[in-house]
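Trainee: These are the residues of each chain, in order.
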Amino acid sequence: MTASGDELAARDITVLLVEDDPPTLWRLQDALAKAGFDVVAAATLADARASLAKRTPRVLLTDLQLPDGHGVDLIRETRQRFPDTEIMVISILGDEESVISAITVGATGYLLKDAFPTDIASTVRDLVAGHSPISASIARFIVRRTQANAEPPPGPPLNTTKLTPREIDILWGIAKGFSYAEIAGHVGMSRQTVPGHIKSIYRKLEVHTRGEAVFEALQQGLIKL
Amino acid sequence: MSRLLQYVLLQAVIVIVCTIALRHPLAEPPSSALVTAFSLKDRDVERSATLPDFVASRRSMNDPAFYRGSFIYDAPSARDDARRAWSVYLPRFTNGVEIIVNGVEILDSRRDPSANRPDRATPEIAVIPASLLRDGPNDLVIRLYVWGPVSGFLDRLYVGPDEVLRPYYEKRTLLFVTLPMVFSAWQGILAVILIVLWAVRRHEPAYGALAAAMALGAIQAFLPTAVDQTAHPEFNATVIASSAPLESGFVLAFAILFFGRKWPRYGPLIFLPGVLLVLIGLFGNPEMLRQAFVVLGIPGLGLNLVLLALVVAWSELRRQDVPSLLLGCAVTIVLTCWVHDVLSVLQIIPDHRVFFTRLSYSAMLVAIGAGLTWRFAGALNRVDGFAAHLAIRLREAEDKLKASFAREEARARAAALARERARLMRDLHDGLGGQLVSIVALSERGDASAPVGDAARAALKDLRLVIDSMDDIGGDLMLALGSWRDRAAAQLRPHGIALDWRATPPGLPVHPELRPWHVIQIVRILDEAVTNAVKHAEARRVTVSIETLSDTSSSGCGCITVEDDGKGFPPASGGAAALERPAARGLRNMRSRAARCGAAFELVSGAGGTSVRLTLPRRFPDGDAVAG
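These protein sequence lines map, in sequence, to chains A and B.
The numbers in the working numbering rise by one with no breaks, and the one at position 27 of the first sequence is 27.
Numbers in the working numbering are just positions in the second sequence, counted from 1, shifted up by 1000.
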């Protein structure tokens, strides 16, 4: 009975799972518990807050539409109070609207509700390891925002001014379906460092405080004093 | 009708005012200076005559009538320092006079061009040289020359101190000599203006006719008529005699054309009297011309004036504009004066031999000048108004155009939206709808092994595809394929099938004409190929190759190949048809989707696996019509 290194690591990882749909909750909980994670489940925003007060999770997995509030608020609070907690948003479609709005308040990853159990576990594990997931359509959405447009395209507001040209190149590669190896070769870095860049990109898209949000909105000309 | 009445009343008032003015006697010197008693020797017949007096017209110009009379010269008293100059003042005479005082001729009016025009009531005054004057009675002889056409006339004459008589003489000169000269000069200027106007606007002959009238009037006024001094007496006489009927004819022609009446067929007849006079003047003798003038000239003038009055009255009643009214009043004045003059010559009314027709013609000149200026100013206003109107219309047209553009844009937007909605419905129906139905069917079977999960996943995948295709990818199919790669990899991973993605830079050419429905069709073909590899081929690896085939042309065609290393399809002809049915349907679907996008579809299946090769068109078809 020697536990593998992975399992040991997984057992140390506490996951707070916030999801109001019971079947989805069971499914995700099963997938994570089978992979060895220490899962605490919450069905409402109030439950989640209560749970957060008791114990700080390593990973927060939350749905956005909750019966008593919005997941975005939970993400923002968690991000401010527990900076070391990795935050993931649970999305049905992985669409830009939900994922980007979560990223701007501090999420660094997303999980599809219908993902296969193995994928669910590996995604969480990768996130803890510092590898944030990104889809081609999310990458596409972000690089679109880096292009100067007189009229901002529809979707949640996003400040991309902090992204470096290299990071934008990486996003372009992902958007076009190139593999990490191909992207790494193209921008001149090792394949292993690419996922780390994704997390860095997410962090740069984050709006940390209300004051900063106002400042950035001013800089982007979204609001006028 | 009331308008006609008003007009006629106005003209009647003018006639009355004119008549009163004409009958108003001209100022005359004190009667103490009057010399009336004469003895007349006319053609060897002697009789006593009291002025004013008439003598018969005659043929010869050198056959004067002699009026003999006398006046008393009061010797100045001793207390006067200087002797006052005395003059003989003749207010009116026709046609020429010589004044002889004490046997010495002191004036010959025939040397004065103005005095020789019987139509002008030119007065004469002659200062009697002091040396001729005798205290007491002095002889005074007037030789009256008559050359027709009217009879000779000698008005009452005055002899007296020059200082007493001269103001009356000056007054008459101003009225009957200077004023006509001023008006003639004005007429000359008018002629020049009208000639220029006509030269610039040749299509308006009205101005040409009026210019001819004005020129003729101005020329005849300045022609010399001194009996023995002119170079071409016949020519001058002809011009003078024919000027009145011709000029009035031209003015009438002007009025007809100017006031918009059609030029009548017998129009040229108005020039007949004038032309006849010219012919007589050129080919006959002066006496004939004078007689003809009486017969043709004066009635011709009158007829033209009457016609003119009618034309102008008609115009005024129809248009009620200021030029017609002004000209109408002027014509009435001239006509009244003409009637007065004719009656005066015919001695139906007391005859003072003062003719006002030519003088009153100046009223018409003023009316013509004022009318033309009015017309011109009106035309300028109309031009301004037209420009403003044009600007307004232009703005209106612009607004309309903008509105129609906006409408068209809205319509196009609505049409695009409707098209997009129809496409979305069809896509959802094709994919999601069918899959949901199959989920329902599977779950109703209550079979635990039924692949409900697969069907639901396929439905979700299709929903993601439809949503993804909505995004604007700017014609870069690579962006759509990037998203598809994520989904395909997720689909293959649980089956343990590796996805080998081989995108050869620069990937696929950009197609600006690429529409979402093209993307959906292409991605569905690729989905079908991957699904076949998962379900039927038992493959271990799926390879997706993306490249641009560069052929002879500058821009190559994109080519997407999906290969698996499975067992391949058995030939469609052999084997159990029932088993192959879903695969065959999938194949048919792939072919029809490729055809809709104008892409070449190629499927090679064998023992080593299946290869689906999609060669994209150079240009994606525009219409969605082929899509069923």
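No wet-lab data here; the hints were simulated from the structure.
This one's a predicted model, so the numbers in the text were calculated from it and none came from an experiment.
No residue lacks a Cβ here, since even glycine has one placed at the ideal position from N, Cα and C.
One or more of the hints may lead you astray.
[What the hints assert, rightly or not] One side only, chain A facing chain B, incomplete, derived with CB under 10 Å:
#1 I13
#2 T14
#3 E96
#4 R125
#5 A136
#6 F141
#7 F178
#8 E182
#9 A184
#10 V207
[To be verified] Covered stretches of chain B, going by a simulated chain A footprint (3 or more residues, C-beta under 8 Å):
#11 1214-1221
#12 1370-1378
#13 1391-1397
#14 1478-1484
Trainee: Against each hint, give a clear statement of whether it holds in the structure.
Mentor: Do the hints match the structure? See the list:
1. For A/I13, the interface hint is violated, since its Cβ never comes within 10 Å of a Cβ in chain B; the closest pair sits about 22 Å apart.
2. With a least beta-carbon distance of about 27 Å to chain B, the hint placing A/T14 at the interface is violated under the 10 Å criterion.
3. For A/E96, the shortest C-beta to C-beta distance to chain B is roughly 8 Å, which falls under 10 Å, so the interface hint holds.
4. Below 10 Å, beta-carbon pairs count as interface contacts, and A/R125 has none with chain B, the closest being about 15 Å; its hint is therefore violated.
5. Taking 10 Å as the C-beta contact cut-off toward chain B, the hint placing A/A136 at the interface holds, the least distance being around 3 Å.
6. Given hint, A/F141 at the interface with chain B, holds; its Cβ is 8 Å from that chain's nearest Cβ, closer than 10 Å.
7. With its C-beta approaching chain B no nearer than about 6 Å, A/F178 sits inside the 10 Å limit, and its interface hint holds.
8. Annotation: A/E182 was flagged as interfacial toward chain B, and the flag holds, the nearest CB pair being 7 Å apart, inside 10 Å.
9. Look at A/A184: its Cβ only gets to about 14 Å from chain B, farther than 10 Å, so that hint breaks.
10. A hinted interface residue such as A/V207 counts as satisfied when its beta carbon comes closer than 10 Å to some beta carbon of chain B; here the least separation is about 24 Å, so the hint is violated.
11. Counting residues of the stretch 1214-1221 of chain B whose CB falls under 8 Å from any CB of chain A gives 0; the rule of at least 3 is not met.
12. Requiring three or more residues with a Cβ within less than 8 Å of a Cβ of chain A, the coverage given for the stretch 1370-1378 of chain B is violated, as only 0 such residues are present.
13. Look at the stretch 1391-1397 of chain B against chain A: 0 of its residues bring a Cβ nearer than 8 Å to a Cβ of that chain, fewer than three, so the hint is violated.
14. Only residues whose C-beta sits within less than 8 Å of a C-beta in chain A count toward coverage, and the stretch 1478-1484 of chain B has 6 of them, enough to reach three; the restraint holds.
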